[in-house]
Amino acid sequence: MVVRFERIPIARPLVGDILDVERSIDSLFDGFFDAPTAVASRLAPAMDVAEYPAETVVVAEVPGIKKEEVKISFEKGLLTISGERKPHPAPDGSSWLRNEIRSGSFSRTLEVGHDVKAEGITAELADGVLKVVLPRSEQAKPREIVVR
Amino acid sequence: MSKNTEVVMRHNGNDPASAREGSQLRTVIPAADIYETQDAYVLALDMPGVSKETISLVIENGSLVVRAPAEARDGPGAALMYREISGGVYQRSFTIGDGVDVDRVDARYKDGILNITMLKAEEAKPKQIEVEVK
Numbered sequence: 001m002v003v004r005f006e007r008i009p010i011a012r013p014l015v016g017d018i019l020d021v022e023r024s025i026d027s028l029f030d031g032f033f034d035a036p037t038a039v040a041s042r043l044a045p046a047m048d049v050a051e052y053p054a055e056t057v058v059v060a061e062v063p064g065i066k067k068e069e070v071k072i073s074f075e076k077g078l079l080t081i082s083g084e085r086k087p088h089p090a091p092d093g094s095s096w097l098r099n100e101i102r103s104g105s106f107s108r109t110l111e112v113g114h115d116v117k118a119e120g121i122t123a124e125l126a127d128g129v130l131k132v133v134l135p136r137s138e139q140a141k142p143r144e145i146v147v148r
Numbered sequence: 001m002s003k004n005t006e007v008v009m010r011h012n013g014n015d016p017a018s019a020r021e022g023s024q025l026r027t028v029i030p031a032a033d034i035y036e037t038q039d040a041y042v043l044a045l046d047m048p049g050v051s052k053e054t055i056s057l058v059i060e061n062g063s064l065v066v067r068a069p070a071e072a073r074d075g076p077g078a079a080l081m082y083r084e085i086s087g088g089v090y091q092r093s094f095t096i097g098d099g100v101d102v103d104r105v106d107a108r109y110k111d112g113i114l115n116i117t118m119l120k121a122e123e124a125k126p127k128q129i130e131v132e133v134k
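From first to last, the protein sequence lines are chains A and B.
When the letters of the first sequence are read in order and numbered with the numbering used here, they come out as residues 1 to 148.
When the letters of the second sequence are read in order and numbered with the numbering used here, they come out as residues 1 to 134.
Pulled out of the complex, with its shape left as it was, chain A reads as follows:
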């Protein structure tokens, strides 16, 4: 079975530029919170897809997203996971030292390569990991074909 992903372009944030400016003016801190590399987090969630005999399981990493903030829809064989990540609330008067976590809306769609029993689709979200189980419809379950 082939799973088609729609590629969502991941816009590169200006993290590198922000960090360079900070490093040059923040001599007070002198290496405070030095981290080895500038890490740009992706906005579109990373996903794993595994196919099992009875179902396909899609796992997406969505840290910081609450159940009410993620939308999962399934139509005509296409599973869409979308939502919005709110920026980290920093109190007034605080100053940012590093901002690598991207916030904003995201959406990813993938085509599930088999017929799905739509009413059996389940989704659970725990510790920033969303797991969607799409059971195969009866006709889509693997059948062993005996050669006469």
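Treat the hints with care, since some could be wrong.
Said to hold, decoys possible - Ranges between beta-carbon positions, derived for each pair: (1) B:A79 <-> A:A126: 33 to 39 Å; (2) B:V89 <-> A:S94: 26 to 32 Å; (3) B:V65 <-> A:K76: 30 to 36 Å; (4) B:G88 <-> A:E84: 45 to 51 Å; (5) B:L57 <-> A:K131: 24 to 30 Å.
If you are wondering where the hints come from, they were derived from the structure by calculation, not from laboratory data.
The beta carbon of each residue, even a glycine, is placed where N, CA and C say it ideally should be.
Based on these hints, arrange chain B on the given structure of chain A.
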């Protein structure tokens, strides 16, 4: 289908177990937001899918080191896998120097984010210095 749709290369479905093993040894650097308030430094690290009990937070030699092992994923019988989640060990260290009161560090793990609040050491807090103008 838009022209951006790509067909995923079929993973060598014969041995997902070894792909899984390899990935669990990899190191993943969690993305971090860090800001400073008058009294504290606050960090938020994206670390979805770990067990809270396995997160290790150590302060030594002026560094804060965060580490959490990879969680086992995927059950037996997975026939085809498309993997984007690195599934490795989260690890990152931050230089914190002397400005932090190491006995008063608060760490919470919620919704896949590790939130660390480090209160500043008294000497590091901004102080009003009176200057007498003669």
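Quick rundown of the hints versus the structure:
1. At about 25 Å, the CB distance of A79 of chain B to A126 of chain A disagrees with the hint of 33 to 39 Å.
2. At roughly 30 Å, the beta-carbon separation of V89 of chain B and S94 of chain A lies within the given 26 to 32 Å, and the hint holds.
3. Restraint check, V65 of chain B to K76 of chain A: a C-beta distance of roughly 48 Å breaks the suggested window 30 to 36 Å.
4. Separated by about 27 Å at the C-beta atoms, G88 of chain B and E84 of chain A break the suggested range of 45 to 51 Å.
5. Separation of L57 of chain B from K131 of chain A is about 27 Å and conforms to the stated range, judged on CB atoms against 24 to 30 Å.
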